[in-house]
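Novice: Going line by line, the protein sequences match chains Z and R. Counting from 1, one number per residue, gives the positions in the first sequence under the numbering used here. Counting from 1, one number per residue, gives the positions in the second sequence under the numbering used here.
Everything labelled a hint here was simulated from the structure, so no lab data went into it. Every value quoted in this text rests on a predicted model; they were computed, and no experiment measured them. For glycine and all other residues, C-beta sits at the position ideal for the given N, C-alpha and C. Incorrect hints may have been included.
Below, a sample of chain R positions facing chain Z; criterion: calculated Cβ distance under 8 angstroms [to be verified]:
{"#": "1", "residue": "Gln7"}
{"#": "2", "residue": "Asn10"}
{"#": "3", "residue": "Val13"}
{"#": "4", "residue": "Ile18"}
{"#": "5", "residue": "Lys37"}
{"#": "6", "residue": "Ala38"}
{"#": "7", "residue": "Tyr52"}
{"#": "8", "residue": "Ser65"}
{"#": "9", "residue": "Ala68"}
{"#": "10", "residue": "Tyr108"}
{"#": "11", "residue": "Val110"}
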Amino acid sequence: MLKQKNNFIEDFPFPLLKVRSTGEIYYVSAKFEQEFGIFENNIKNQIFEEIITFPDNSKFETNILSAICDKESISALLLKSKECLIDVLLNVSIVDNEAGCYWLLVNRIPSSQSKYQPTSNNFEQFNRAVDGACIGIWEYNLLADTASFSRKFKELVQINANDDLTWQQFKAMIVIEDREVFELFLNNHIHYNMPLNFEFRIIHHGVIRWLQLRGEVFLNNQQEKNIAGSITDCTIIKQTLSALNDAIDSKNMTMKAGGIGTWSAEVNGQGTWLWTWDSLANGMFNLKEEDIGKLEKFAELLHPEDAETVLSSIENSLETGKDLNQSYRSILSNGETKFILSKGKVSRNIDGKICRIDGISIDQTAIYDVQKELEQLNSQLEERVAVRTNLLEQAKEHAENASKIKTDFLSMMSHELRTPMNGVIGSLDLLATTNQTFESLDLIETAKTSANNLVFILNDILDVNKIEAGKLEIEESPFSIQEVIDNIVQALVPTLEKNRLTMEVFEDPRIPCFVKGDVIRVRQVLYNIVGNAIKFTKSSAKKQGNIKIIAKVEEEQSNDFICTVSFTITDTGIGISPDVQQKLFMPFTQAERSTTRKYGGTGLGLAICGKLTEMMGGRIDLQSELGKGSSFSVEFPFWKSQETMALDVESLSGARVALVSIEQSKISLIERWAEYLRVEGADTVLFDNTASLKCTDKFDAIIILIDQYSSQKKIIKDFYQDVEDGSKISFAIERSKIREARSYLPGARLLPIKPLTRAQLIKTVNHIRLNNNTLELDEIDLSNLELDIESPSSGQKKLKEGILVVEDNPLNQKIIAKQMKHLGFACDLANDGKKGIEQWKSKNYKLILTDCHMPNIDGYEMTKSIRQLEKSKKLPPIPVVAVTGAAMTGDSKRCYDAGMSDFISKPVQLTELKEVLNKWYCNE
Amino acid sequence: MNEIKRQILNRSVMIALIGDDEQMARHFEIEFLKQAKASLAIIIENFNSENYVGIKEEAHYLKTSASAVGAEITANLLQELEGIALQNDKAKCKQQIKSLHQSVSQVYEVIRNEG
Numbered sequence: 001m002l003k004q005k006n007n008f009i010e011d012f013p014f015p016l017l018k019v020r021s022t023g024e025i026y027y028v029s030a031k032f033e034q035e036f037g038i039f040e041n042n043i044k045n046q047i048f049e050e051i052i053t054f055p056d057n058s059k060f061e062t063n064i065l066s067a068i069c070d071k072e073s074i075s076a077l078l079l080k081s082k083e084c085l086i087d088v089l090l091n092v093s094i095v096d097n098e099a100g101c102y103w104l105l106v107n108r109i110p111s112s113q114s115k116y117q118p119t120s121n122n123f124e125q126f127n128r129a130v131d132g133a134c135i136g137i138w139e140y141n142l143l144a145d146t147a148s149f150s151r152k153f154k155e156l157v158q159i160n161a162n163d164d165l166t167w168q169q170f171k172a173m174i175v176i177e178d179r180e181v182f183e184l185f186l187n188n189h190i191h192y193n194m195p196l197n198f199e200f201r202i203i204h205h206g207v208i209r210w211l212q213l214r215g216e217v218f219l220n221n222q223q224e225k226n227i228a229g230s231i232t233d234c235t236i237i238k239q240t241l242s243a244l245n246d247a248i249d250s251k252n253m254t255m256k257a258g259g260i261g262t263w264s265a266e267v268n269g270q271g272t273w274l275w276t277w278d279s280l281a282n283g284m285f286n287l288k289e290e291d292i293g294k295l296e297k298f299a300e301l302l303h304p305e306d307a308e309t310v311l312s313s314i315e316n317s318l319e320t321g322k323d324l325n326q327s328y329r330s331i332l333s334n335g336e337t338k339f340i341l342s343k344g345k346v347s348r349n350i351d352g353k354i355c356r357i358d359g360i361s362i363d364q365t366a367i368y369d370v371q372k373e374l375e376q377l378n379s380q381l382e383e384r385v386a387v388r389t390n391l392l393e394q395a396k397e398h399a400e401n402a403s404k405i406k407t408d409f410l411s412m413m414s415h416e417l418r419t420p421m422n423g424v425i426g427s428l429d430l431l432a433t434t435n436q437t438f439e440s441l442d443l444i445e446t447a448k449t450s451a452n453n454l455v456f457i458l459n460d461i462l463d464v465n466k467i468e469a470g471k472l473e474i475e476e477s478p479f480s481i482q483e484v485i486d487n488i489v490q491a492l493v494p495t496l497e498k499n500r501l502t503m504e505v506f507e508d509p510r511i512p513c514f515v516k517g518d519v520i521r522v523r524q525v526l527y528n529i530v531g532n533a534i535k536f537t538k539s540s541a542k543k544q545g546n547i548k549i550i551a552k553v554e555e556e557q558s559n560d561f562i563c564t565v566s567f568t569i570t571d572t573g574i575g576i577s578p579d580v581q582q583k584l585f586m587p588f589t590q591a592e593r594s595t596t597r598k599y600g601g602t603g604l605g606l607a608i609c610g611k612l613t614e615m616m617g618g619r620i621d622l623q624s625e626l627g628k629g630s631s632f633s634v635e636f637p638f639w640k641s642q643e644t645m646a647l648d649v650e651s652l653s654g655a656r657v658a659l660v661s662i663e664q665s666k667i668s669l670i671e672r673w674a675e676y677l678r679v680e681g682a683d684t685v686l687f688d689n690t691a692s693l694k695c696t697d698k699f700d701a702i703i704i705l706i707d708q709y710s711s712q713k714k715i716i717k718d719f720y721q722d723v724e725d726g727s728k729i730s731f732a733i734e735r736s737k738i739r740e741a742r743s744y745l746p747g748a749r750l751l752p753i754k755p756l757t758r759a760q761l762i763k764t765v766n767h768i769r770l771n772n773n774t775l776e777l778d779e780i781d782l783s784n785l786e787l788d789i790e791s792p793s794s795g796q797k798k799l800k801e802g803i804l805v806v807e808d809n810p811l812n813q814k815i816i817a818k819q820m821k822h823l824g825f826a827c828d829l830a831n832d833g834k835k836g837i838e839q840w841k842s843k844n845y846k847l848i849l850t851d852c853h854m855p856n857i858d859g860y861e862m863t864k865s866i867r868q869l870e871k872s873k874k875l876p877p878i879p880v881v882a883v884t885g886a887a888m889t890g891d892s893k894r895c896y897d898a899g900m901s902d903f904i905s906k907p908v909q910l911t912e913l914k915e916v917l918n919k920w921y922c923n924e
Numbered sequence: 001m002n003e004i005k006r007q008i009l010n011r012s013v014m015i016a017l018i019g020d021d022e023q024m025a026r027h028f029e030i031e032f033l034k035q036a037k038a039s040l041a042i043i044i045e046n047f048n049s050e051n052y053v054g055i056k057e058e059a060h061y062l063k064t065s066a067s068a069v070g071a072e073i074t075a076n077l078l079q080e081l082e083g084i085a086l087q088n089d090k091a092k093c094k095q096q097i098k099s100l101h102q103s104v105s106q107v108y109e110v111i112r113n114e115g
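Start from the sequences and build out the full structure, keeping to the hints where you can.
Specialist: See the structure below:
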């Protein structure tokens with residue numbers, strides 16, 4: 001019924017209650033029922049306070065009056081049931097026409113805004129929430145000195161939840177440095193109500209943990225002071241904060257060190273830019289603290305020349321959003337000029353409008369100062385460099401001129417020296433072409449070699465020049481290594497003998513006869529090294545100076561195209577100390593100056609050797625011991641080619657050679673000689689004594705090694721005298737004994753050894769072979785004889801003509817002509833039968849005197865031809881008289897058979913000639 | 001000695017050929033020596049190259065000159081050499097040529113000493 005009466009209220013969209021001033025509820029709107037699920041039947045006539053409570057437990061009347069007077073809403077709790085409290089907001093108004101009655105508009109407060117959440121068990125929920133938030137709860141009774149700690153509290157302080165924990169025990173956990181501070185905080189809070197918010201450390205298993213304790217004093221039911229609060233773990237926050245602080249400190253220090261200040265500006269609601277900067281930036285411009293944020297203060301300090309540009313840039317950045325990047329100068333209050341670089345980045349707000357700029361300013365004054373200083377230094381340096389360059393250019397020009405002068409001088413000098421040397425060499429060359437004995441030729445060759453080698457030394461000087469100028473070229477052409485070795489040895493033999501040194505030469509039989517390379521340079525290097533070995537080696541009564549040359553093929557560095565040959569020259573000379581060995585291959589360096597004085601030399605040789613060897617792809621090594629001797633080893637790679645192989649002809653092909661060694665210990669030496677000869681195609685037989693060499697006819701050459709001349713010479717002499725043909729024997733005797741042997745064995749062919757080269761041995765055998773087949777005789781010198789004298793021709797009677805003398809021998813011609821003249825006849829001469837026929841045709845002769853044996857057409861043929869021509873032309877036969885030297889039987893018949901008329905024998909006597917002329921000359 | 005001299009150089013031959021003209025005889029003798037020197041070189045060259053026909057021809061050529069001037073020993077050696085050359089006997093050839101060389105040298109000595 002109420003509802004029917006109050007239809008407009010039923011339609012009221014909000015929950016309504018009607019309450020009498022006594023608090024009795026006598027109407028509940030349908031909306032109320034719907035909203036809260038509380039029906040009119042259940043609460044009608046109940047006292048309002050039975051379903052509504054106020055937070056401060058105040059009375060209904062009080063709140064009603066307050067709500068009506070203040071026209072404010074009242075918060076309350078609507079009790080739906082024991083377990084369900086609903087937060088509501090009450091609005092009160094007086095019911096019209098019903099005094100003492102109030103309308104209560106009851107609105108639900110959303111739970112998020114509600115102070116009183118409807119829950120069935122508030123405390124448990126609260127506990128769960130607190131635990132979930134990792135908040136520990138504690139309470140301490142100051143009077144009883146007792147404390148209670150939640151499970152989470154214990155967990156946070158790292159003790160078991162079931163363990164007891166007293167307040168003192170808790171305090172003991174705190175790190176001692178923090179404990180005292182904690183007491184202070186606690187006391188301050190208790191006595192002075194200062195907030196209890198304390199961070200402290202505990203150490204658990206060596207790990208530091210930070211905890212934050214909060215709390216508040218309150219009076220419990222017994223009016224005792226208690227403190228209750230929370231504890232949370234702030235380790236991570238602390239660590240983060242610490243790291244952040246460190247980063248900030250580091251950044252600040254970096255900025256300070258780098259002279260970098262930060263600044264920013266933000267636009268406010270009025271569109272005004274509000275500036276600020278840090279103390280570093282402030283200090284940069286020498287501004288006061290109160291100047292921070294005052295842009296005009298900054299602008300005042302700008303250099304007049306830069307002010308407009310800087311301010312325009314800032315303005316541009318703020319308007320366009322473009323980054324700021326501006327260098328400028330500021331003149332500080334103290335007059336100092338600073339060079340600043342400012343960079344800024346503009347930010348935009350959510351609407352895309354420029355709202356902020358953040359930037360840095362860098363003090364670049366120091367850099368500018370340094371830069372200025374550098375520019376000055378640079379300028380000075382450039383000046384100095386220019387001066388120095390100029391000086392160097394002059395020095396270079398001077399040096400180049402000096403070098404050119406030196407080169408020209410050296411070229412001129414070498415020409416002046418080489419010209420007469422070439423004369424010597426040329427003369428020796430010409431001398432070699434004349435008939436000489438083998439030994440003479442040998443001596444000429446030695447002289448020529450020495451002269452050539454002297455020229456080579458002159459060339460050394462030029463070579464150093466060329467090498468230094470990079471103008472020396474290495475040639476490549478076929479040459480014989482054996483010839484080079486022989487050439488060097490023969491050239492140096494006189495020096496060896498003079499210095500009473502011995503030399504041994506060992507040549508690898510595998511060394512090809514011809515290889516491709518620069519023969520001049522190879523000879524130059526080897527000659528230099530061997531020459532040095534001889535120069536620095538002496539013989540004494542105690543010790544025989546010896547030089548050894550070993551030439552061998554280095555198999556490991558050789559292949560089908562390259563043959564690497566090493567030459568090791570060892571001497572028993574003065575040796576070289578290790579420190580000197582290092583600089584020996586440098587130009588103009590001998591071992592010591594005393595060495596130069598004592599031994600002479602230019603100091604160029606080894607430097608050139610080193611360079612040339614290097615240029616030819618070889619290498620040179622030295623081993624030496626002071627006082628004992630030295631060993632130089634030079635290695636050259638040589639090309640092998642079709643050309644060199646084609647030249648590699650066996651020069652002793654088919655030769656049969658016997659090699660005899662009287663001394664058993666020297667068999668190995670002749671075995672090596674045999675190897676040399678076999679490579680040249682010879683057949684060799686070795687004998688260990690002359691007695692076993694029974695038949696010398698079987699051999700083309702015999703080489704007999706006499707190692708101990710003094711004791712063996714008698715054996716040799718006896719052998720030589722017994723042998724039938726001594727011309728094929730050569731006695732290999734130590735060089736020092738050759739002279740003695742020559743007189744002891746006159747006419748014997750002697751082959752000097754120590755040294756003996758492979759080439760010499762082969763030449764000797766070749767010569768023996770050729771000597772048996774060739775003749776060489778001295779020319780007869782006719783220079784002492786007077787030249788022919790012509791006999792006077794005055795007063796002679798007229799001579800009869802018409803005689804032709806055909807004779808090829810000029811002497812015989814003259815004799816016959818003389819005889820003819822004596823007898824009163826003149827004659828024409830023809831050198832042979834052919835000429836004879838031509839002259840017979842050309843003239844009307846009366847008589848022909850002809851020799852029979854002549855070149856081209858002899859006398860017989862000529863006569864036959866004349867006879868045939870006479871027959872064909874029907875001419876009368878001309879008398880033809882043979883003047884022949886042949887006195888053999890049958891010659892006269894042959895003369896007559898040829899058509900000759902008569903013959904006489906040479907030499908033709910005057911009387912005989914007179915008879916022939918009288919008989920056959922027809923004087924018409 | 002005189003007999004040997006005569007055989008080395010028989011002057012009567014020259015007299016018989018051209019009369020008693022000493023100057024002319026000397027002239028022909030010197031001419032012979034020049035010819036002999038050249039011929040010897042050719043003979044030796046032919047020997048060295050084993051040209052026996054060449055040896056014979058040259059020996060024959062020189063023989064007439066030797067006979068003409070009275071170098072009897074030389075002429076005889078040349079005659080012998082012709083025969084040896086025909087036999088192709090190298091060793092004998094060699095020896096003969098050496099002897100020939102020696103005899104020509106002797107003719108030279110005679111002419112030089114009596115010049």
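Novice: Which of the stated hints cannot be reconciled with the structure, identified by number in ascending sequence?
Specialist: 1, 2, 6, 7, 11
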